[in-house]
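S.K.: Letter by letter, the chains look like this.
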Amino acid sequence: MPLFPYAVSMPKNFSAQQLVGVANQIRINTLKMLGAAGSGHTGGPLGIADVLAALYFSVMNVDPVHPRDPYRDRFVLSAAHMVPVLYATLIERGFISQSELLTLRKNDSRLKGHTFRDLDIGVETTGGSLGQGIGIAVGMALAGKLHATMGRPTKKKSKPDELVDYRVYCVIGDGESNEGSVWEAAMLAAKYSLDNLCVVCDRNHIQLSETSDVIMPLDPVVDKWKAFNWNVIEVDGNDIPQVLFAFSKAKMVSGKPSIIIANTVPGKGVSFMENKWEWHGKVPDKKQLDIALAELTANQS
Amino acid sequence: MKSKQAKTQTPTEMSIRDGFGEGFLAVGKLNPLVVGLSADLTESVRMQEFEAEFPQRFVQVGIAEQNMAAVAAGMALEGFIPYIGSFACFQPYRNLDQIRTSICIQKANVKIVSSHAGFSYAGDGIQIQALEDIAIMRSLPNMQVWVPADADQAKEMALSAAGIDGPIYIRLGREKTPLLSRLIDGYEDKGFKIGEAQQLKFGSDFTIVTYGYMVAEAWRALNTVSEIGLHGGLLNIHTIKPLDIRPILENVAQTKRLLVVEEHQAAGGVGELLAKELLAAGLQFDFAHIAVNDKFGDTAETTRDLWQLHGLTAENIVQVLKGMLR
Numbered sequence: 000m001p002l003f004p005y006a007v008s009m010p011k012n013f014s015a016q017q018l019v020g021v022a023n024q025i026r027i028n029t030l031k032m033l034g035a036a037g038s039g040h041t042g043g044p045l046g047i048a049d050v051l052a053a054l055y056f057s058v059m060n061v062d063p064v065h066p067r068d069p070y071r072d073r074f075v076l077s078a079a080h081m082v083p084v085l086y087a088t089l090i091e092r093g094f095i096s097q098s099e100l101l102t103l104r105k106n107d108s109r110l111k112g113h114t115f116r117d118l119d120i121g122v123e124t125t126g127g128s129l130g131q132g133i134g135i136a137v138g139m140a141l142a143g144k145l146h147a148t149m150g151r152p153t154k155k156k157s158k159p160d161e162l163v164d165y166r167v168y169c170v171i172g173d174g175e176s177n178e179g180s181v182w183e184a185a186m187l188a189a190k191y192s193l194d195n196l197c198v199v200c201d202r203n204h205i206q207l208s209e210t211s212d213v214i215m216p217l218d219p220v221v222d223k224w225k226a227f228n229w230n231v232i233e234v235d236g237n238d239i240p241q242v243l244f245a246f247s248k249a250k251m252v253s254g255k256p257s258i259i260i261a262n263t264v265p266g267k268g269v270s271f272m273e274n275k276w277e278w279h280g281k282v283p284d285k286k287q288l289d290i291a292l293a294e295l296t297a298n299q300s
Numbered sequence: 000m001k002s003k004q005a006k007t008q009t010p011t012e013m014s015i016r017d018g019f020g021e022g023f024l025a026v027g028k029l030n031p032l033v034v035g036l037s038a039d040l041t042e043s044v045r046m047q048e049f050e051a052e053f054p055q056r057f058v059q060v061g062i063a064e065q066n067m068a069a070v071a072a073g074m075a076l077e078g079f080i081p082y083i084g085s086f087a088c089f090q091p092y093r094n095l096d097q098i099r100t101s102i103c104i105q106k107a108n109v110k111i112v113s114s115h116a117g118f119s120y121a122g123d124g125i126q127i128q129a130l131e132d133i134a135i136m137r138s139l140p141n142m143q144v145w146v147p148a149d150a151d152q153a154k155e156m157a158l159s160a161a162g163i164d165g166p167i168y169i170r171l172g173r174e175k176t177p178l179l180s181r182l183i184d185g186y187e188d189k190g191f192k193i194g195e196a197q198q199l200k201f202g203s204d205f206t207i208v209t210y211g212y213m214v215a216e217a218w219r220a221l222n223t224v225s226e227i228g229l230h231g232g233l234l235n236i237h238t239i240k241p242l243d244i245r246p247i248l249e250n251v252a253q254t255k256r257l258l259v260v261e262e263h264q265a266a267g268g269v270g271e272l273l274a275k276e277l278l279a280a281g282l283q284f285d286f287a288h289i290a291v292n293d294k295f296g297d298t299a300e301t302t303r304d305l306w307q308l309h310g311l312t313a314e315n316i317v318q319v320l321k322g323m324l325r
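Residue numbers (numbering that gives the first Met the number 0), protein chains in the order written: chain A, 0 to 300; chain B, 0 to 325.
Next up, chain A with everything else stripped away, as it sits in the complex (with noise of 0.2 Å):
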């Protein structure tokens, strides 16, 4: 079997074994930064980490140098508990510097507790309230079809003169699913066959108190989407080779917004911590972020 069953746009001079080390890099980072500030979401993060490695390595145009391109790609990250996971991937791609590592739930520190909009470190939304971060996403994905039609307006310009192309991507929870809005968000891409909308779910079966499947069973998740006329792709949401492939395929189809049902472990290279529904909201103790991040630091050798 090769790597890749078809060509998939290759990032900028990462492979896809170079892709797994930087998503368990950004584990580490995560853990670190939450054991530093002492209390926060640690499962979600995990499992997502390497969707999340993906995006910024490969599939989204996006430059630290230029946070606030207008040809960028938009990354909403709508379940915005699972924010040390962003916060470390956007160290690990240059927007953060490594010096701010330490100081998330800190006083003054731009790492907050949960999203909170600020361009210059890449953090496109602020969120932290369920369900709200799919409908920015569609404001934007609207908001991008519309510019593409009428050029993007400047404050002298407001002709149009040049197409502005950029892609939406949001990554929902399974257990955020449980909201209406969700559903709303999902009718309207559709409706307006929003395309260059690519949402993700986490899809890891966790939630705050229990499981998902005990909270509110989501299933048929795929289904349900399909449903709701959204291009769907399955895939095991901590094979990175898939989850590229998928983002390529979501790029390929027109008239159709798309979600990728993303299979993850949560709490995912830490033994004790995988598929614990317990881990969703507090942080390891020391002993336990110390033999977090040797287990950690072992896969990365």
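Ranges between beta-carbon positions, derived for each pair:
1. A:K190 / B:K192: 38 to 46 Å
2. A:E277 / B:A266: 38 to 46 Å
3. A:S108 / B:H230: 56 to 64 Å
4. B:L282 / A:D107: 38 to 46 Å
5. A:S208 / B:E12: 56 to 64 Å
6. B:E271 / A:D235: 51 to 59 Å
7. A:P69 / B:R303: 46 to 54 Å
8. B:E276 / A:S108: 29 to 37 Å
9. A:G179 / B:I125: 22 to 30 Å
Derived from the structure by calculation, the hints contain no laboratory data. Just so you know, these numbers come straight off a predicted model, no measurement behind them. Built from N, CA and C at the ideal position, the CB exists for glycine as well.
Following the hints, put chain B in place on chain A, whose structure we already have.
M.R.: Chain B only, in chain A's frame:
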């Protein structure tokens, strides 16, 4: 006297939301960044002419106020100026979370336009009337709160809102009012300005501060009491936030009597706000407040029936004024 001159004119009447519709179409023509979003209440909020003129810049989100607010925030972050229309009983109530998180915290440049506020829709009953919206909206940081008193003002607000960067709540109603602003000398150049309290009448006996539909009621009440020789100041605070406190301070300092009239719950309304501001400024004054006192509305044949039930009429304003001046 100004008031006598005014009384000889017969003001034409117009619904406040119709004025908004005219202004919204006009601002759409002036500014290509303005977009409209509706939750299946396009015509009720008078957005249909904009939709017909600019179909590409109009998003029909369906009956989904929460999503409308979030989507509008996303469009605003990308440089557009969305006006989102619904009824006040749904917006801000149904989508308050989205208004707070996605619009206010992000300072998203969204104009929240809510019609049928107050007792505006008598026949639809208690659920469709909105009497807490100003308390809710003025407590949100980054949010401005505007309430036009007639169709001219609503038109002006629709036009001006696009020029102010940040969230604005515009409270509309469906009832007709006299076009009050036109009764003032010099209206064309100085009668009405966003952000400035509008002094409709001058007088030294008392001060009335009000907004929205109650401005016309207070106007009538003042005409009545002027016949028995009582003259008070009438201030229309169409811009509730940011509040133009200076003219209110000046009027109350002179008259020592303040009556606040509002088609809103007393709790969290403008009466409480002004009492706090004026007391903090060290003024001593008699205070009366006509508002809805911890009650919901009801189904009725006319809005005026409900106003009467809650004392929100010119006749009751006259009674309260006489009591204050006894």
